[in-house]
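Residue numbers (this note's numbering), protein chains in the order written: chain P, 11 to 121; chain U, 59 to 170.
Treat the hints as calculated values from the structure; they're not laboratory data.
You may find that some hints are simply not true.
The list that follows gives simulated cross-link-like pairs (lysine-lysine, DSBU-like), each with its CA atoms no further than 30 Å apart [said to hold, decoys possible]:
| id | chain 1 | residue 1 | chain 2 | residue 2 |
| --- | --- | --- | --- | --- |
| 1 | P | 32 | P | 67 |
| 2 | P | 67 | U | 165 |
| 3 | P | 67 | U | 126 |
| 4 | U | 126 | P | 23 |
As the structure is a prediction and not an experimental result, all values here were calculated from the model.
Spelled out from the first residue to the last, the chains are:
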Amino acid sequence: AAGVIQSPRHLIKEKRETATLKCYPIPRHDTVYWYQQGPGQDPQFLISFYEKMQSDKGSIPDRFSAQQFSDYHSELNMSSLELGDSALYFCASSLGAGELFFGEGSRLTVL
Amino acid sequence: QQQVKQSPQSLIVQKGGISIINCAYENTAFDYFPWYQQFPGKGPALLIAIRPDVSEKKEGRFTISFNKSAKQFSLHIMDSQPGDSATYFCAASIGDFNKFYFGSGTKLNVKP
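Working from the sequences, and respecting the hints, build out all of it.
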């Protein structure tokens, strides 16, 4: 069965650089979520989209932005990267409020 | 502040034993309580979930016990197996939304 696809899986950036993470939800899923998981931490909700509109917002820094495109894939853009942004970024998708399926994550390392 | 408090942080259990992980919450508006299992390098995967209108839910070797008055819920893994070794997160959400507040996680190690 198709799962949530995230790219890239690993990304290394310098401080103050910009990074873009991509997420391709499970086919026919209309809702996408982004979570950030720091080393040894629990996942923290960042933002979600339903039918290409932002549906909820969590602890997402102003330096980050995200959107969901017409094909339902989503991109998380992170600018002015800081050391503390180093984390695993998970995308998850669902059909409406149904079961949430997580991708395998994108590991961002900021040097 | 952590909306959902989870304990213990780590747990070692012998094969065949019972693993018990506990979570507590304060926000009485929470009405959906899932447990997620995460293996290293993988995303969390839904294990089992419960709503506050029932006190217990069992799926195979996994059972959630829910105590609404105490605002606590726990995961019991019966006949624990080495393949169960993973990090377990409890979570809570409000309404029909997947905006979860996760617990801090429990790293379970089942010894052969």
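Do the hints match the structure? See the list:
no.: 1; hint: P/32 x P/67; verdict: holds (18 Å)
no.: 2; hint: P/67 x U/165; verdict: holds (29 Å)
no.: 3; hint: P/67 x U/126; verdict: holds (28 Å)
no.: 4; hint: U/126 x P/23; verdict: violated (46 Å)
Checked against the numbered hints above, the structure breaks only hint 4 and satisfies the rest.
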